[in-house]
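S.K.: Each chain, written out:
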Amino acid sequence: MTHPEAAAFALDALDTDEVTEFERHLESCPACEDELEGLQVAAAALAFVVELPVPRPELRSRVVDTGAPVVALRRRLRPRLAPAAAALAACAAIVLAIGPSRDGGSIGGMDRFDARGSKATLLVGEAGEAVLVARRLPPPPAGMVYEVWVTAGGGAARPAGELHGSLAVLTRQVPRGATVAVSAEPFGGSPRPTGPLVLQATTT
Amino acid sequence: MATVTDFLRGPTDSQTASRRDLGHLSDEALLALVSRGDHAALGELYDRYGRVGYGLALRIVRDRALAEDAVQEGFLAVWRSAGTFLAQHGKPSTWILTLIHRRAVDLVRREERRRADPIDELAQPTGDATDEEAWLRAQRQVVQEALRKLPDEQREAIELAYYGGFTQSELAERLGQPLGTIKSRMFAGLRRLRELLAEAGLDVDAP
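Note that the protein sequences, when read in sequence, are chains S and B. Under my numbering, the first residue of the first sequence is numbered 3, with each subsequent residue one higher. Under my numbering, the first residue of the second sequence is numbered 2, with each subsequent residue one higher.
Just so you know, these hints were derived from the structure itself, not from any lab. In this text, a Cβ means the ideal position worked out from N, Cα and C, and glycines have one as well. Incorrect hints may appear among the rest.
Covered, in the sense of this in silico footprint (three residues per stretch, anywhere, with C-beta under 8 Å from a C-beta of chain S), are these stretches of chain B [to be verified]:
(1) 50 to 61
(2) 80 to 94
(3) 166 to 178
(4) 185 to 195
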């Protein structure tokens, strides 16, 4: 016997408490689970009856960016010193420690990669030691931290430290061509990414 | 497969090419790619269901910005849970539209923006039909026809719940009926709708 709430659930017509209760029921009721699938197909079919105005083209990029606002890190060719300094103001102490350089795409001997729109800057030293500055990220959700990942040579993403404020000193080397990513993880970090990527950048 | 760099370059030749390639993939295959972090596959799923999802969200929230939020949040949920969903063997299009619907209903309940007049407009043909793809028009026709075959009170309960974002308790109050009656109307109606759609051979997946 199917639970009487199954149709209301498929139509999203339950309030929060009723949803919780029905989901609990669902876990122990294969009959409801089977029935629900068909009811959900019928409910979703109702979507095809509405007017279909064409969404703004921006929505597509919002959706695709949603998954991971991916930013391109590009070797900085002709940095202008003033904006560069302003961009790095968020981590003034580090800039001073590394020392700004007039020399093209590097700071203190580290190669500098910049995202368009200054969302992120990655500094990579000769031995692959790296510092990531991620700007404009919202604070992580409560109980979460931003963990940094390095993926190199087609391998799995490996943990490389956490962002503190907008800054992470990576605990793992970043070889040329590697991808550096950031995801929100439960406090204490995870052995591999479980949260959505909030930033992903390649160093090509 | 499109790389991060391809994606960032915007609609270049290489991305157009990769989109064309993805067009041959099933929704399930696209979800498998999405679960591995493939943005181009997410884009392809958007191209298939984004417009329907947007129309649905707009119908519910009646506000362009809120509708866009619902679509974006729905696809964010797709991005996050594609792997989990694949393990459950459901129908991708149903799942995607369900996620967007849920977000839109959440938004409209939060905003108290909901409007109560969905019924009359529903059967109206949609604005400019010429720019719609044939499969969308065909889908609409089948679903409209099936809806028309439902008893009025069942159709009313279903439409108010699905397009109006009302909870069953709100519907009971609004329609002056016992909650049990509303539940049975929705249940009987949705079940019948499912049968009618199956008889009509409806497939809500994009071709």
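S.K.: A separate judgement is required for each hint: does it hold in the structure or not?
M.R.: The hints, checked one at a time:
1. Counting residues of the stretch 50 to 61 of chain B whose beta carbon lies closer than 8 Å to any beta carbon of chain S gives 9, which meets the minimum of three for the stated coverage.
2. Taking a C-beta to C-beta cut-off of 8 Å, the stretch 80 to 94 of chain B contributes 5 residues in contact with chain S, enough for the three needed, and the coverage statement holds.
3. Only residues whose beta carbon comes within less than 8 Å of a beta carbon in chain S count, and the stretch 166 to 178 of chain B has 6; three or more means the coverage holds.
4. Chain S is given as covering the stretch 185 to 195 of chain B, and this holds because 8 residues of the stretch bring a CB closer than 8 Å to a CB of that chain, at least three being needed.
When the structure is compared with the earlier hints, no violation turns up for any of them.
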